[in-house]
Structure formats: structure tokens, C-alpha cells
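*Asks:* Those protein sequences? They're chains Y and A, same order as listed.
Here the numbering used here is used: position 38 in the first sequence is 38, and no number is missing along the way.
Going from the second sequence to the numbering used here is simple: count from 1 and add 282.
These are calculated hints, taken from the structure and not from any lab test.
Warning: the hint list may mix true and false statements.
Taking lysine to any residue pairs in the SDA-like style, the calculated list, with each CA pair at most 25 Å apart, reads [to be verified]: (1) K51(Y) <-> V35(Y); (2) K355(A) <-> A558(A); (3) K200(Y) <-> V391(A); (4) K235(Y) <-> R534(A); (5) K533(A) <-> Q138(Y).
Output of the computed footprint for chain A on chain Y, the stretches with three or more beta carbons under 8 Å from beta carbons of chain A [said to hold, decoys possible]: (6) 17-25; (7) 63-77; (8) 83-91; (9) 167-173; (10) 192-199; (11) 211-223; (12) 228-237.
Every residue, glycine too, gets a C-beta built ideally from N, C-alpha and C.
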Amino acid sequence: MSDRAEVGLLDYSRRLPVRLVLLVVLLFLYLPLAVLVLFSFNDSRRTTVWKGFTTEWYARLAGNAELILALANSLTIALVTTLIALLIGTLAAIGLWRFRFPGNGLVGSAFSLPIVVPEICMGVAFLIFFARVLRWPQGLGWPLDLGPIIIAHVAFCFPFVTVVVRARLASFNRDLEEAARDLGASPWRALFDVVLPHLKPSLVAGALLAFTLSLDDFVITFFTAGPDTVTFPVKVYSMVRFSVTPEVNAISTLLLLITVALTLVALRVQAVAGDLQPRPTA
Amino acid sequence: MPSRHPRAREIGPFLAILGPPAAWFLLFFVAPMAVVWAYSFGSNVGAAGIEITGTFLNYARTLEPVYLGILAKSFGIAAIATLACLLLGFPVALAISFAPARLRTLLLVAIMLPFWTNLLIRTYALMAVLRDQGLVNQAVEAVAPGLAPLPLLHNNFAVILGLVYVHLPFMVLPIYAALDRLDRSLLEASLDLGASHLDTIFRILVPLARPGILAGLLLTFIPALGSYLTPDLLGGPDSQMIANIIERQFKRANDWPFGAALAFVLVYLTLFVLAAQGLLRRRGEAE
Numbered sequence: 001m002s003d004r005a006e007v008g009l010l011d012y013s014r015r016l017p018v019r020l021v022l023l024v025v026l027l028f029l030y031l032p033l034a035v036l037v038l039f040s041f042n043d044s045r046r047t048t049v050w051k052g053f054t055t056e057w058y059a060r061l062a063g064n065a066e067l068i069l070a071l072a073n074s075l076t077i078a079l080v081t082t083l084i085a086l087l088i089g090t091l092a093a094i095g096l097w098r099f100r101f102p103g104n105g106l107v108g109s110a111f112s113l114p115i116v117v118p119e120i121c122m123g124v125a126f127l128i129f130f131a132r133v134l135r136w137p138q139g140l141g142w143p144l145d146l147g148p149i150i151i152a153h154v155a156f157c158f159p160f161v162t163v164v165v166r167a168r169l170a171s172f173n174r175d176l177e178e179a180a181r182d183l184g185a186s187p188w189r190a191l192f193d194v195v196l197p198h199l200k201p202s203l204v205a206g207a208l209l210a211f212t213l214s215l216d217d218f219v220i221t222f223f224t225a226g227p228d229t230v231t232f233p234v235k236v237y238s239m240v241r242f243s244v245t246p247e248v249n250a251i252s253t254l255l256l257l258i259t260v261a262l263t264l265v266a267l268r269v270q271a272v273a274g275d276l277q278p279r280p281t282a
Numbered sequence: 283m284p285s286r287h288p289r290a291r292e293i294g295p296f297l298a299i300l301g302p303p304a305a306w307f308l309l310f311f312v313a314p315m316a317v318v319w320a321y322s323f324g325s326n327v328g329a330a331g332i333e334i335t336g337t338f339l340n341y342a343r344t345l346e347p348v349y350l351g352i353l354a355k356s357f358g359i360a361a362i363a364t365l366a367c368l369l370l371g372f373p374v375a376l377a378i379s380f381a382p383a384r385l386r387t388l389l390l391v392a393i394m395l396p397f398w399t400n401l402l403i404r405t406y407a408l409m410a411v412l413r414d415q416g417l418v419n420q421a422v423e424a425v426a427p428g429l430a431p432l433p434l435l436h437n438n439f440a441v442i443l444g445l446v447y448v449h450l451p452f453m454v455l456p457i458y459a460a461l462d463r464l465d466r467s468l469l470e471a472s473l474d475l476g477a478s479h480l481d482t483i484f485r486i487l488v489p490l491a492r493p494g495i496l497a498g499l500l501l502t503f504i505p506a507l508g509s510y511l512t513p514d515l516l517g518g519p520d521s522q523m524i525a526n527i528i529e530r531q532f533k534r535a536n537d538w539p540f541g542a543a544l545a546f547v548l549v550y551l552t553l554f555v556l557a558a559q560g561l562l563r564r565r566g567e568a569e
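Chain Y on its own, in the form it takes in the complex:
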């Protein structure tokens, strides 16, 4: 039935109304981004009419020390956050999977609370916490003054790592671990040599997720950061509030490039992992 030239019975992706919605949605998602990238190369201060190609705005970015510092801050925060969140998140996933104890389900749900609690609430919580409870010493210098932001970022990133790693653990064949134990491996050795290799794709995916979430975060950082610490999104926010300028277009284009590259890496990793798994029959 499907080899007929006309639209197949279940070929919903080729029916006109469905195609129309798909087209509208893709235009809706990508047109604003395309315009943004295009006008980062526009030879005019006013970002409304195309006047010709230039890379002037990118050159100006390179000379903007504040912006580069903000970017360095954001990348440092994202890197450290990713390392800690990956470790803690993976430990949580393995612990919940390995040990059965009363309240296991409850602890599992509690760990995913930071995913559902609105960002603004966590933001004000960290604002109060670092202002009144755990006062972070001032003037420690870079990078120690990034501490509160990193602590806050780990708190909301590690649950995402846990979710991704737990999903992967669900497909782990426990017989393999028991075989390793029967052959004389210690529990730790079995964990490192048998369980961790199986988790590898989810560790990469979790790390990329944590990195992007940390790099993207505006709301929680906005509340947690002291007056002297500026991250990339916070800096961009103040520029956006001020006005629409080609410089902002240029920075945004650069950040878009970074995230697109990271996403493609993540998809590649997941595709490779998918190939290693038995496919469900259609």
C-alpha cells in the first residue's frame, strides 16, 4: 500500500494540513533566529534595514573587555559545575539503583524537586541563603568569588544528570555485574569495570546537559551573583534591556554556534549509544 504514488493510508507526514502546520512551526522557530544571525553582519547601527556585509560588530566584541570577562566567568562556572554535577548526579543515580532501602522512592522523587521548583523560587532562596545564612567572603578574587553561583548551579544541574543516568541504568543487565562478582571482582571493581562503561553515553549526555543548563541560566544567577560578578547571560540581559544593537546580535550568534555544536555532539553520542542497544521491533 505504501509503494503507491499517492499519499499512503497512514502517511500523515505527507498530508497537506499537517505539512502546513509543520512548515509554520519551523518558520516560527527559525525565522527570528535567522534574522538575528543575518543582522549581526549588517553594516548599519540600525538593525532594521540591510545595508551591506560587515564583520565590524564581531571585531568590536573582541575589544569589549567586560563582555569577555563575563564569557570567561560563564565558561568557568559551567565547567566546574559540570564536573561536580556529573560526579554527584551519577553517585545519586547509582546509589538509588544499587541500594534498596526504606524511602528509596521518596529520596528519588526528592532529588528531582530542583527540576520542578520554579527557577525564580530557587533564585530568591539562594539570594537569601548567601546574604543571611552562608555569607560568602567578599574580595576573594577570581575564581573563588564565583563560588555561590557554582554551588547554586550544581544544585539545579545534578538532578538532570541523575535522571539521564538512571534512565540508562534501567537498561543495564544485572547478570553482567553478578558475573563479574562471581569471577572474583570486588563490588567497586565491578562498578568501575562493568557498570560505568555501560553508563558512558549517559555520562556524556548528562555532562552536556549540565554544561548547557549552567551556561544558559539567567534567573538563578541573576539572584545569586553579587554586584561584582557578571556572567554572560546577565551581561547580555543588561544589553538587551537597554536596546537592540548589532553587537548583541553578534554575541548571540556566537553563543548560538556554541550550543549548536554541543547539541550535535550530544546527538552523535546518543546515536552511537543507540546503535549499541538492541532495537525495539517496530
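Starting from the known structure of chain Y, arrange chain A on it as the hints suggest.
*Replies:* Okay, now just chain A, sitting in the frame of chain Y:
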């Protein structure tokens, strides 16, 4: 056969593995949230002091008409945006799940890519397109010069559009996951027995995709309800949502106890929506 139940000798590994995440969670999530919760029962003393007095006055204030109105408005805006996401997202998920394999991967990436890109940048891109001299108004000007510029930015419409723009992938992906799993022979049976395509979609496909739809509704509604950046950048003076009012208490009005109460009202609402979705899902599974 080795048992997986914790024994006394497994306490060491147990603490070594679950200790660090539990400690981080308690110290840097539970403790800060608990402080906010305590502050919500406090009152301002002097210029900068706050005393936890156990008062319910902050919560009483959230019930004043101004704040109830903002709560209702936040709910309404989030609900309209979620519904719009469903109306747009379902056909998209349908198209993706029935597309040939190569195209399917491409479309999935196309839907996921914006989800990975910075929220601030996406909102900024939308601002640039919607403003008076933006692309949309330039097009309107070319077609119907009398109409331009349409007021597209800094109003409720812009906030709803922005929320749809940002949250659409959250709707498409779970529905796609549900549609991808279902047994297609049921659809063929329905069509063979003479039901129309629309009938088949609404009476077979939608009920089977229900868990995915419910998950999509939840994943869209919860972040939309608590969103700060979208109403802040795209909204006008009367399209502030609950998150913006919370921010104001902390950054400008300097009324932390009231801000804390508002924040916890938002947390309770979120948990309530989660619980309601859980109930709906369980009822759906029982049927």
C-alpha cells in the same frame, strides 16, 4: 547468590555513594528553601531586619485583589500558551512520527535545537522581529501600509507568543515519544472499518497518546507559570506575571517576607499541578 539488600557491611559504600548527593541536596537546596519558607512567616523590623514571628499576614496579603488578579492572570497566560503549544505541537509530533526515518531524525533535531539554545537569545530574537520596525511590521507595512505598525511587542499577546516559542519543544517531544510507540495496526483497523481520518485521530490516536499529551501539558505549563524572563522582556506594564512580582519584592520593594510568601504560593501551585497530573495519569492507566 549475593543479595542486593543493604547489610550492615554495606553501610560504608552506601554512605560513600549516596552521602555526597544527599549532603549537597540538603545543604544547598533544602536549607535555602527552608529559609525562604521561614521568612514567609516573618515581618520586617526596621530598615534591614527580619524577624520570624509566625505571622500569616504575608499569605493574607497574597489574597488581596491585586495579587489574586496577578495569580489568575499568570494562570490564564500559562494556560493559553500551553493550549496553543498543544494545538501546534500535536500535528508536528504526528508529522515527525509518521515521517520516513531520515526525515524524522532531521525534524527531531530541528525541534530540539531551539530547546538547547539560550532562552535569553531566543527571546531577544523574537523581540527584534516583533518590534515596530521589526520584520513582521515591515511586511505588514508592505501589504497594508495603513495598519503598520501593529502593536506586537510589550503586551499580553507578545508574552503568550514568547511562551509558545520557548516551550513548544517540551510539548512536541513527549507526544512524539508516545505516538512513536503505539500500535499502528489499530489505526489501520479503524480506517479499514470505515472511520474517517479525523475520527481515527480523535478516537484512536489521541486516547492512545494521552500519557504523552499529559506529560507535554505538564512540561509546558509548569515552566510557563513560573516564567520570569519572557514577561519581563516581552510584556508591557500590565502583563507582569507572578515571578516578576516576586522579583520586585526582593530587588526593588525590599519586602522579603512578602516575596517569600509569594514564592511559596508559586511552589504550592506547581506541586498542586504536578499532583493533579499524577492523578489524571493514574486514572488514565486504570481505565
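*Asks:* All hints are to be evaluated individually against the structure, with a verdict given for each.
*Replies:* Status of the hints after comparison with the structure:
no.: 1; hint: K51(Y) <-> V35(Y); in the structure: holds (14 Å)
no.: 2; hint: K355(A) <-> A558(A); in the structure: holds (20 Å)
no.: 3; hint: K200(Y) <-> V391(A); in the structure: holds (22 Å)
no.: 4; hint: K235(Y) <-> R534(A); in the structure: holds (20 Å)
no.: 5; hint: K533(A) <-> Q138(Y); in the structure: holds (20 Å)
no.: 6; hint: 17-25; in the structure: holds (count 7)
no.: 7; hint: 63-77; in the structure: violated (count 0)
no.: 8; hint: 83-91; in the structure: holds (count 4)
no.: 9; hint: 167-173; in the structure: violated (count 0)
no.: 10; hint: 192-199; in the structure: violated (count 0)
no.: 11; hint: 211-223; in the structure: holds (count 6)
no.: 12; hint: 228-237; in the structure: holds (count 3)
The structure shown violates the earlier hints numbered 7, 9 and 10.
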